[in-house]
Amino acid sequence: MTWAEQLLQCLKANDVNMAIYVPDEVLTPLINGADSDPDMIAFAASREEEAIGISAGAALGGTRSVVLMQSSGFGNSVNALASLVVPYQLPVVMIIGERGVLGEFNSVQVPISRTIRPSLDALGIPHRTLERLEDVTPTASKVVQQAFQTHSPAVLFINPLLTGGKEDR
Amino acid sequence: MSARDDLKVMSRNDLTKRLVGKLEHDEAVVAGIGNTNFDLLDAGHRPQNFYMLGSMGLAAPIALGVALAQPERNVVALEGDGSILMNLGTLTTIASLAPLNLTVVIWDNGLYQITGMQTTATSTVTDIVAVAAGCGIAQSSWATDEAHFEQLVNNAVSTPGPHFIAARVDEAAATARPERNPVLWKDRFMIGIDAKPAAG
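Protein sequence lines, in the order shown, are assigned to chains X and Y. Taking the numbering used here, I'd label the letters of the first sequence as residues 1 to 169. Taking the numbering used here, I'd label the letters of the second sequence as residues 170 to 369.
Simulated from the structure, these hints should not be mistaken for laboratory data. For clarity, every value in this text was computed on a predicted model and none was experimentally measured. For glycine and all other residues, C-beta sits at the position ideal for the given N, C-alpha and C. Take the hints with a grain of salt, since some may be wrong.
What the hints assert, rightly or not - The calculated lysine to any residue pairs, modelled on SDA-like cross-linking and capped at a C-alpha distance of 20 Å, are:
| id | chain 1 | residue 1 | chain 2 | residue 2 |
| --- | --- | --- | --- | --- |
| 1 | Y | Lys186 | Y | Ala341 |
| 2 | Y | Lys365 | X | Gln145 |
| 3 | Y | Lys365 | X | Thr2 |
| 4 | Y | Lys365 | X | Glu131 |
| 5 | Y | Lys365 | X | His151 |
| 6 | Y | Lys365 | X | Gly62 |
| 7 | Y | Lys365 | X | Ile125 |
| 8 | Y | Lys365 | X | Pro160 |
| 9 | Y | Lys365 | X | Thr63 |
| 10 | Y | Lys365 | X | Asn14 |
| 11 | Y | Lys365 | X | Asp15 |
| 12 | Y | Lys365 | X | Asn17 |
To be verified - Computed list of chain X residues with no C-beta within reach of chain Y, every gap over 12 Å:
| id | residue |
| --- | --- |
| 13 | Pro29 |
| 14 | Ser36 |
| 15 | Glu49 |
| 16 | Ala59 |
| 17 | Leu90 |
| 18 | Thr115 |
| 19 | Pro118 |
| 20 | Ala122 |
| 21 | Arg132 |
| 22 | Val143 |
| 23 | Gly165 |
| 24 | Asp168 |
So that you can see chain Y by itself, here it is in the shape it has in the complex (with noise of 0.2 Å):
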C-alpha cells in the first residue's frame, strides 16, 4: 500500500494544459520522451518548450542544468514514473544542489506505456513522492485533483524550489507528435530562452 493508492487518476493531456495554463513567464520546460512531450506538444508549442527524442530519465537532469545555467528562469523538468525510476540518483543531486527555480512534474501512471504497457514499480509497491521526499526534496506533493495540481503549479513557479509534484494520470494515447528533428528543437529552445539570438 502507497499513498498512491487513493489518488484520484486524472487526464496526462489535461493537466499537462492546466500546467501550461499557468507558465505566465516564459518558464522553460523541458519534457521526457514519449506521451510526456507527445502532450506538451499538444498542450500547444512554447518555444521554451525542449522536447527528448531520446535518452530516457533525462528531462531531470537537463532541467538541472538549465536551472542552475538560468536561475533568473523558472525550469519545469516533465517526466513519466518509468523514466525517473531509471534515474532516481538525480533526485539526490537536485535535493543537493537545491536550486531555487526548478520544479519536476512527474505523471504516474504505473506504466512504461510507450514500449507496450509493462507495469512499473509504481503501480504496486513504490510512493514516488516519498522517494523524492526522502531523497531531500522537502516540498515534494502528490496533486489530490485538478484543483490541487494547479494549486500546486502555482506555488511551485511563485516560490523558492526545488520543487516536486506528482499526479496519478490515466494511460491515454497521446495524439501529438514533435518532429524528429533534434537540433530544430534545441535551436528553438535556446532561442526561446535567449540562450542564442534568434539570427546572426
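Just chain X, with the same shape it has in the complex (with noise of 0.2 Å):
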C-alpha cells in the first residue's frame, strides 16, 4: 500500500471518519483517498485555524477527525492550540505535509518549517515524523490511538522521503 492508503486505512480504524483539509499538493492522494471514501467525510476549511476550530467541535460531539494541512499553514493554527486544543485537552490530530526541507525551491517555505518542532515542544504537543513506507502503518496507529485515549493533540509530520515532495515546476 502507498503511504496515502495506509494513513486511511489506519485513521479508519481508528474511527476517524472525518477529515478537514486546507489543501497541500503532497497531501493529495491523502485528500482524494478521504474524498472518495464512502466512511469518511472530506470538505476544505478557509483556513487553518478554522480547520482546527472544526475538529475541536467535531471532538466536542463526540466524532473523531483529522486536521490535514501543509506546514506553512502551521503558523496560522498556533493560537487555535495553545489557547483552545491544549487548554481544553482536545484530540486533534494534525497531519502536516512538509515543505521547507529536504530539496525545497522555494526559499519562503524555509523559516515556517523551522518554527514547528520547536513550537509543538514548546506546546507540549506530541510530533512524529514519517520518512519510510514500513513505518507508516505502525507509527500512526500507535500516535492516533493515543492522541484519542488521552484526550490530546498530536501531528503526524509527512516528510519529502516518503512522499517524495513537491517539485518545481
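Two chains, two frames, a set of hints: combine them into the complex.
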C-alpha cells in the first residue's frame, strides 16, 4: 500500500471519519482518498485555524476527525492550538505535509518549517515524522490511538523522503 | 451607508436571554470570548453551553464541528462582530457544507468592546448580513427589533439551516464570568450534549 492508503486505513481503524483539510499538493493522495471513501466526510476549510476549530468542535460532539495541512499553515494554527486545543485537552490530530526541508525550491517555505517542532515542543504536543513506507502504519496507528485515548493533540509530519516532496514547475 | 445604519440598537443581555428562552430541545450553544459568553452565562447556565476562554474567532468553526458531529441536534454559534471579522472565511465553509442544524448569531455593536472599545469595520462600512449572504448563506437576516429577533430564532431552530442572524446591540458591560477552567466546561458540555457519559 502507498503511504496515503496506509494512513487512510489507519485513520478508519481508529474510527476517524472526518477529514478537514487546507489543500497541500503532497497530501493530495490522502485528501482524495478520504474524499472518495464512503466512510469518511472530507471538506476544505478556508484557513488552518478554522480547520482546527472545526476539528475541536467535532471532538466536543463525539466525532473523531483529522486536520490535514501544509507546514506553512502551521503558522496560522498556533493560537487555536495554544488557547483552545491544548488547554481544553482536545484530541485534534494533524497530518502536516512538510515543505521547507530536503530539496525545497522556494526559500519562503523554509523559515516557518524551522519553527514548527520547537513550537510543538513548547506547547507539549507530541509529533512524529514519517519518512519510510514501512513505518507509516505502525507509527501512525500508535500516534492516532494515543491522541484519542489520552484526549491530546498530536502531529504526524509527512516528510519528502516518504512522498518525494513537491517539484518546482 | 449600510442597511445596519437604520436598525434598532438592542440590549445584548436581553437578546441573549430571549435566545436562550427559545431553546427548548437541548440545543448546543457555542459562545465566543468576552461579553458574548459572559451574557450567555448570565442567562442561566445550561449543560449544552460551551464557553470559549480564548481562540477569538473560532465560535462558528467549533459550532460547525459540533453540528457535523451531531446532525440531529441544533447548534447555535454566538459571536461578536469583531470575532466573526477575524474569521470570515468560515462563512464560506458553512455555506458550502450547508449544515441543516447550524445557526450563527452575531452581536454587532461595532466595537472590539473588551479590548478597549476600538471600532470595527461594521461600525462604518461593513454590513455583516450582506457578507454572510454574499458568502452563500441564503437565510441571513438582520433582527429589526426584539420580537423579530425571537421570530428569527424560532424559525432557525424549527426549519432547515444554515441560518445567520445578526442584531445591533449595545455596549453594556456584562457582569457574569465563567470560571476560567477549560476542562470543566469541556466535560460539562460533552456530558450535556451526550457526547460522553456523565460517569464511567
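Find the hints from earlier in the document that the structure breaks and name them by number, from lowest to highest.
3, 4, 7, 8, 15, 16, 17
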